[in-house]
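2 protein chains.
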Amino acid sequence: METIKDIARICGVGVSTVSRAINNHPDINPETKEMIMQVIKEHNYIPNNSARNLKRSESKAIAVLVKGITNPFFNDMIGIIEQETQRKKYSFILQRVEENENELDVAIQLVKEKKLKGIIFLGGIITHSSENFAQLDVPFVLSTSDIVNEEDNKAPLWSSVSVDDFAESYKMTDYLCKAGHRKIAIIAATKGDESIGKLRLEGYLKALGNNNIRPDKSIILHMEENKDSYSMETGYRLMKKLLKERDKFTAVYAIADSLAVGACRAITETGAVIPRDCSVAGFDGLEIGTYYNPSLTTIRQPVEELAKVTIDLLFNIIRKNGQHKKVVLPGELLVRESTREI
Amino acid sequence: METIKDIARICGVGVSTVSRAINNHPDINPETKEMIMQVIKEHNYIPNNSARNLKRSESKAIAVLVKGITNPFFNDMIGIIEQETQRKKYSFILQRVEENENELDVAIQLVKEKKLKGIIFLGGIITHSSENFAQLDVPFVLSTSDIVNEEDNKAPLWSSVSVDDFAESYKMTDYLCKAGHRKIAIIAATKGDESIGKLRLEGYLKALGNNNIRPDKSIILHMEENKDSYSMETGYRLMKKLLKERDKFTAVYAIADSLAVGACRAITETGAVIPRDCSVAGFDGLEIGTYYNPSLTTIRQPVEELAKVTIDLLFNIIRKNGQHKKVVLPGELLVRESTREI
Chain A
1 METIKDIARI CGVGVSTVSR AINNHPDINP ETKEMIMQVI KEHNYIPNNS
51 ARNLKRSESK AIAVLVKGIT NPFFNDMIGI IEQETQRKKY SFILQRVEEN
101 ENELDVAIQL VKEKKLKGII FLGGIITHSS ENFAQLDVPF VLSTSDIVNE
151 EDNKAPLWSS VSVDDFAESY KMTDYLCKAG HRKIAIIAAT KGDESIGKLR
201 LEGYLKALGN NNIRPDKSII LHMEENKDSY SMETGYRLMK KLLKERDKFT
251 AVYAIADSLA VGACRAITET GAVIPRDCSV AGFDGLEIGT YYNPSLTTIR
301 QPVEELAKVT IDLLFNIIRK NGQHKKVVLP GELLVRESTR EI
Chain B
1 METIKDIARI CGVGVSTVSR AINNHPDINP ETKEMIMQVI KEHNYIPNNS
51 ARNLKRSESK AIAVLVKGIT NPFFNDMIGI IEQETQRKKY SFILQRVEEN
101 ENELDVAIQL VKEKKLKGII FLGGIITHSS ENFAQLDVPF VLSTSDIVNE
151 EDNKAPLWSS VSVDDFAESY KMTDYLCKAG HRKIAIIAAT KGDESIGKLR
201 LEGYLKALGN NNIRPDKSII LHMEENKDSY SMETGYRLMK KLLKERDKFT
251 AVYAIADSLA VGACRAITET GAVIPRDCSV AGFDGLEIGT YYNPSLTTIR
301 QPVEELAKVT IDLLFNIIRK NGQHKKVVLP GELLVRESTR EI
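Residue numbers (the UniProt record's numbering), protein chains in the order written: chain A, 1 to 342; chain B, 1 to 342.
The shape of chain A in the complex, shown without the other chains:
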């Protein structure tokens, strides 16, 4: 098998000249180029085969499909998953799924094209039926997304790992109630959300109920479809709106830290002081929550563990060392500077 160096030697030119010829570079004599291309053709040299070492005998890859990549929380997850994947000598394909796309169709297409060994769905999926999932014939793991599983009693066809978003959200809201807050606003996902956002809202409502607090719709703010995302900017904008109802709440719970940071900024800009004038809480446990002024009360998701369990579950199946299972990891309520008892 010829390498680019062999071709250069045969042609009596430098490697960079061969590269210029291959890459259709303008800075090369046309005759030289023709000569090089002729040699390449004669020797059946395939440019892509220039690798010095072939470390792996087989091309192995897994893909991560992400819906809702805007939440910085997923960036941390992706970083760790990608690192673990490479440690296992697999390539890592990152695929965004648009809001209006069916992630299963995308996955099936990708498996075919890239000969994937496995798939991780990050966020998103919640309402697909088992029958749909069965069409995906490589192992897959649902990571940080929960599923309404129709067949809970059977051994599952896939693995999943997440915190219990409902229970953790309940925990946060209940903490705020026990701290004396009776008027707790929430910055929630879109109204049509069928995923994590829905579970976190339900946890909030349940905790209010158990503390004999009637939900006040005027302080339940939803993101807008096709406009808002899990970003600081959205938190800032929704909080500006909420501030028009300033007398209706003593605490704000945003269902993501990114939203909470934006909300904090909006409150601070009015001259109010957090938590003296208003408590703010988030969810996720982003690094920024530790370093923000004030530091942010939140539910910490065990991001490292979530990512590692995701990879372990997937590779157990790929290597036929285990069977699918559902793993629920505990979140942790971190009470920091941004909330107080009243």
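I should point out that these hints are in silico values taken from the structure, not numbers from a laboratory.
Keep in mind that a hint or two might mislead.
[Stated by the list, open to error] Capping the alpha-carbon separation at 27 Å, the derived lysine-lysine pairs in DSS-like fashion look like this:
| no. | chain 1 | residue 1 | chain 2 | residue 2 |
| --- | --- | --- | --- | --- |
| 1 | B | 67 | A | 88 |
| 2 | B | 227 | B | 217 |
| 3 | B | 198 | A | 115 |
| 4 | A | 115 | B | 33 |
| 5 | A | 33 | A | 60 |
| 6 | B | 198 | B | 248 |
| 7 | B | 115 | A | 33 |
| 8 | B | 115 | B | 88 |
| 9 | A | 308 | A | 320 |
| 10 | A | 227 | B | 178 |
| 11 | B | 67 | A | 308 |
| 12 | B | 115 | A | 5 |
| 13 | B | 227 | A | 308 |
| 14 | A | 244 | A | 178 |
| 15 | B | 60 | B | 326 |
| 16 | A | 89 | B | 308 |
| 17 | A | 5 | B | 325 |
| 18 | B | 60 | A | 325 |
Since chain A is already given, all that's left is putting chain B on it; use the hints.
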């Protein structure tokens, strides 16, 4: 070509049962499984071919190689590059490069394995020779990394896009000098850095010189190799160290916003107020800089434009619509709440 549905029909079982057989799932009758596997074999059914539609005739992919993925700035870049790649119907492979790995070797290997159409190097590379680069025989773009190009006069063998890190860093330092600061500490990259970190430090030193300020080594802090990263945590820790020399500076310039945020937190925890007691400036223009308390003075890198130009340059070469070029985009000095005149 049989699909998984055909196999299920032929076997007289459900699709999910076929899937279980393929995936070596324990919850299936061994005889049923054997029967299914036999049918699969007879029909030459390849599980991976179950895609309902074959949207693309050819498998096309580009890869992004990242060194130093810890800086959140790269996450924004990656997100946009990935989105643009998918818009062009290419797959997107993300590959981390470890500190001790040669990114060119990784790239050459990856081109071979994945039949890549192009490569983007994000961060990192700066000191490789053109001869080394010439061995990479697919088009590539160096994004947000600057290169010491030995052959500046020839038409380049690759494209690059970045801000002028030296000039932008000079701009920030000069602004602090003109605001009356003569004692400006810096949180810089590792001492051995040969990349962006080095350029930013040089810009700082040059600006001090032009303002007749002698650099004070005791307030030039470097990250530690194999320990520190472009994270808030590192900024926080280095600032704690720097605070022992509290009388030696009136301003701190951190070469990344992530570091600056950590530094702000460390200063605030001493009871000092930013910018009254100390000015703090960053670099990058992360979203958090807008929403932090106080909002952060920084150099905004045009992240969207950087990512889009990166993709445009690469696809111009892939599609033979243009030739390689070096693009330098302007950064923008954003003076916000964290710095003041003294």
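Hints versus structure:
1. For the hint linking residue 67(B) to residue 88(A), the alpha-carbon distance of about 19 Å falls within 27 Å, and the restraint holds.
2. Distance restraint check for residue 227(B) and residue 217(B): the Cα-Cα separation of roughly 21 Å lies within the 27 Å cut-off, and the hinted pair is therefore satisfied.
3. As the CA atoms of residue 198(B) and residue 115(A) are separated by approximately 42 Å, the hinted pair breaks the 27 Å bound.
4. Our distance criterion of 27 Å between C-alpha atoms is met by residue 115(A) and residue 33(B), whose separation comes to about 23 Å.
5. With a CA separation close to 35 Å, the supplied pair residue 33(A) and residue 60(A) exceeds the 27 Å bound.
6. In summary, the hint linking residue 198(B) to residue 248(B) is supported, as the alpha carbons are separated by about 23 Å, within the 27 Å threshold.
7. For the hint linking residue 115(B) to residue 33(A), the alpha-carbon distance of about 23 Å falls within 27 Å, and the restraint holds.
8. Only pairs whose Cα atoms come within 27 Å are accepted, and residue 115(B) paired with residue 88(B) is accepted, the gap being roughly 17 Å.
9. Between the alpha carbons of residue 308(A) and residue 320(A) the distance comes to roughly 18 Å, so the proposed pair stays at or under 27 Å and holds.
10. A threshold of 27 Å between alpha carbons decides the hint, and for residue 227(A) with residue 178(B) the separation of about 41 Å lies outside it, so the pair is violated.
11. Taking the CA atoms of residue 67(B) and residue 308(A), the gap is about 21 Å. The hint holds against a cut of 27 Å.
12. For the proposed pair residue 115(B) and residue 5(A), the alpha carbon gap of about 19 Å is at most 27 Å, so the pair holds.
13. Straight-line distance between C-alpha atoms of residue 227(B) and residue 308(A) comes to about 21 Å, which keeps the hinted pair within the 27 Å bound.
14. For the hint linking residue 244(A) to residue 178(A), the alpha-carbon distance of about 26 Å falls within 27 Å, and the restraint holds.
15. For the given pair, residue 60(B) sits about 25 Å from residue 326(B) by alpha-carbon distance, which is consistent with the 27 Å threshold.
16. At roughly 30 Å between alpha-carbon atoms, residue 89(A) and residue 308(B) are farther apart than 27 Å, so this suggested pair is violated.
17. Between residue 5(A) and residue 325(B) the alpha-carbon distance is near 25 Å, which keeps this suggested pair within the 27 Å criterion.
18. Distance restraint check for residue 60(B) and residue 325(A): the Cα-Cα separation of roughly 34 Å exceeds the 27 Å cut-off, and the hinted pair is therefore not satisfied.
Of the hints listed earlier, those the structure fails to meet are numbers 3, 5, 10, 16 and 18, in rising order.
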